[in-house]
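Got chain H; can you put chain A on it based on the hints?
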Amino acid sequence: MNIYALIGAIEQGFVFGIMALGVYLTFRVLDFPDLTVDGSLPLGAAVSAVSITNGINPFLSLLLAMGAGFLAGTVTALLNTKLKILHLLASILTMIALYSINIRIMGGPNVSLLGSDTVLDTFIKAGLVGYLAAPVIFGIIALLVTGLIIWFLHTELGLSMLATGDNPQMITSQGVNTHTIIIMGVGLSNALVALSGALVAQNQGAADVNMGVGTIVAGLASVIVGETIFGDRTIARACLAAVLGSVVYRIAIALALGMQWGRFSFTPSDLNLITALLVVGALTAPRIKSRFQAVVSRR
Amino acid sequence: MISLQRFIKYFNRGSVNEVLALDGISLDIRQGDFITVIGSNGAGKSTLLNGVAGTFFPDSGKIFLDGDDITCWAEHRRAKFTGRVFQDPLRGTCASLSIEQNMALAHRRGHRRGLRIGVRSRQRKRFQEALSRLGLGLEDRLRDRVGLLSGGQRQALTMLMATLVRPRMLLLDEHTAALDPKTAHQILELTRQIVEAEELTTLMVTHNMKQALQLGNRLIMVHRGRVILDVAGAEKRKLTVEDLLERFYAVQGEEFSSDRMLLT
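In the order they appear, the protein sequences are chains H and A.
Take 1 as the starting number for the first sequence in my numbering and just add one per residue.
Take 1 as the starting number for the second sequence in my numbering and just add one per residue.
Okay, chain A solo, but in the shape it has when bound:
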């Protein structure tokens, strides 16, 4: 469905701080894939995700959606087919707007916005139903400002907003990393429910190897801007944390052994 071809991205190109973030990545994302992406800090996981979201244009390489070249599509245009949840719970929602206003904005993703009233009473019902599925009591707080919610509540709301209009591709960028363990677990559970119920094609970046193994049908490991492991299906189910660590050392050598703590 989405395919990246020899995607190259430099940051600070031509300066002393030049970083090669994506080193010619090619990746085919198939309809219904739930891909977990792992790798050490600075490996290029988030850059890969942002490359799909259109946050930047690649220095070379192309990206296709159903065979159409969308390399030049800006971020807001790609939002037609992507739903996104960010690491920072504050980034996915508007603090000064109410819950229903935030949801109304998400409800128009991929559609033209005109001079109709933004929050209509018919939509409120739908928003309430969707919110009640979260089990956080937000369905009774439609008119509360989102700034009043906790980080976990905001992330749950962002998750809901990203999928309110069914996205062809759901992009999750370490969306549980900034939350406390209990809330992180809830958000992860919510992610699993929504992705399974809607059969969403998903790309999820994570720092947590266990998460990466538990969720999804496919796992890729990124290192220095390249995909060094890409397993799916039965092969992925057999994979253990030890296997992944072994794989890491094979490419990284012992100099990176400090990553062991970060990753397990």
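Extracted from the complex, chain H is given alone in its bound form:
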């Protein structure tokens, strides 16, 4: 792996790290497995790309993308809380509905941003070296967003959100409407995912309806890899771990793609398989480890 591949992996790690943070909010904080993200990532990309081609400021387009992502999340949460549809199913329904909506927004399966100014161009014009612009800007944005989420989870509302995922009965008896919290939390999560999608689109110069496939698995992999390596003892640590886990995950993927055994090497289409295996491994490792230790200690 050369230096450019490494820089590329770091850049991907940070930009998708924002998405991983969103997955952390639903999957870990709210205990709400949310597959909406496979649809809200391209939604963010679509909204941002269409806004930019219509002459809207690229920074403002990020906010619009986040608003759209928030709405998508609220739909899933409403299906779950008010219509009592299982959270997993509710999120799948929103995800497939978003496929159609994303094509409607873009007026076709993709939108090109060639020739339009993006967030990155603003900094390159200001003098940042081209190939460093993306990793640096994305790193800064990812850490800023992480800081905001860490702060939020320490506020009264954030604590209520943590409690809703931990013990809904307790927080209800303390006067919190768990439905409101779930709607807010899943919305916030998908706003982050959409922001991530918008930045990805601006970076690669196009939004595509299929760019969201496998987002949830990559997000889960990042969260779990992060927890395993960096730990999750405090909230701040767990949030940082999700973002840094994403960076580690992208570097691991880049390494895997660079490997070669005789005539066999991985292709980008093998990514989903590798990621799925990685998540299975990371999810089962603690159990296998504890069982192994139990066997050893019995001897």
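Hints are computed from structural coordinates only; laboratory data are not their basis.
In this text the structure is predicted, and so the values were computed from the model without any measurement.
Where is the CB? At the ideal position from N, CA and C, for every residue including glycine.
There could be a bad hint or two in this list.
To be verified - Computed footprint of chain A on chain H; a stretch qualifies when at least three of its residues, placed anywhere within it, have a C-beta under 8 Å from a C-beta of chain A: (1) 146 to 160; (2) 169 to 181.
Unchecked claim - Distance condition first, Cα-Cα at most 30 Å in a straight line; then the derived DSS-like pairs of lysine-lysine: (3) H:Lys82 <-> A:Lys238; (4) A:Lys236 <-> H:Lys84; (5) A:Lys62 <-> H:Lys82; (6) H:Lys84 <-> A:Lys62; (7) A:Lys210 <-> A:Lys238; (8) A:Lys125 <-> A:Lys62.
Showing chain A alone in chain H's frame:
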């Protein structure tokens, strides 16, 4: 203060498992009442308590708070005036949050929650004072996760959290039943202290007739979803376990004699 009027609640209505849990209960809870609720298994004691807490909506009947109809208030809304302690010590606290975070959550009961930092240093002092009254040494462990505490410690913390913001109505659902005898005694003593000091209006479900007689100024016995005994004041003070058992047999007949062991 709180009054239930002809409260009816079915579980699994329309199925073969249909149960009439509350059969038209009417009950007036007066300001300052400390009511102990007894009855055999499945009599409807906990359902009665949950009916006040708003865990479910009744099939018919109404509930009033100071004359206002609150029948349609959801559970979280009724939390404005109720403090609750559950039978299961794990249900009243968040295991993954610290003691101070749990207390901060309880400290906002009945208030709007916004974007202010949840645990502020001024509150820590207050939490520490409150915890030190428990005598469990928890005041030095503010930042420990609640999951590290024992069942008894968690129940004591829940008790404290339920009363951190003075509740107009304290609901205790067999809150000592899942604890070992010594811890149960401590929690009961704590209950007595807090209720007396704050003069709280309390509804306490219990399986233990002695407890029901020792505590409170009023006792009600529930059977098959109805109140079959409601005594208060001097009349309650004269009551003995034998009286209660006699009362039980009068309505239940000998078929329930196996309850004798459970209840004494």
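So, going through the hints one by one against the coordinates:
no. : hint                  : in the structure
1   : 146 to 160            : holds (count 8)
2   : 169 to 181            : holds (count 10)
3   : H:Lys82 <-> A:Lys238  : 51 Å, violated
4   : A:Lys236 <-> H:Lys84  : 46 Å, violated
5   : A:Lys62 <-> H:Lys82   : 24 Å, holds
6   : H:Lys84 <-> A:Lys62   : 26 Å, holds
7   : A:Lys210 <-> A:Lys238 : 13 Å, holds
8   : A:Lys125 <-> A:Lys62  : 42 Å, violated
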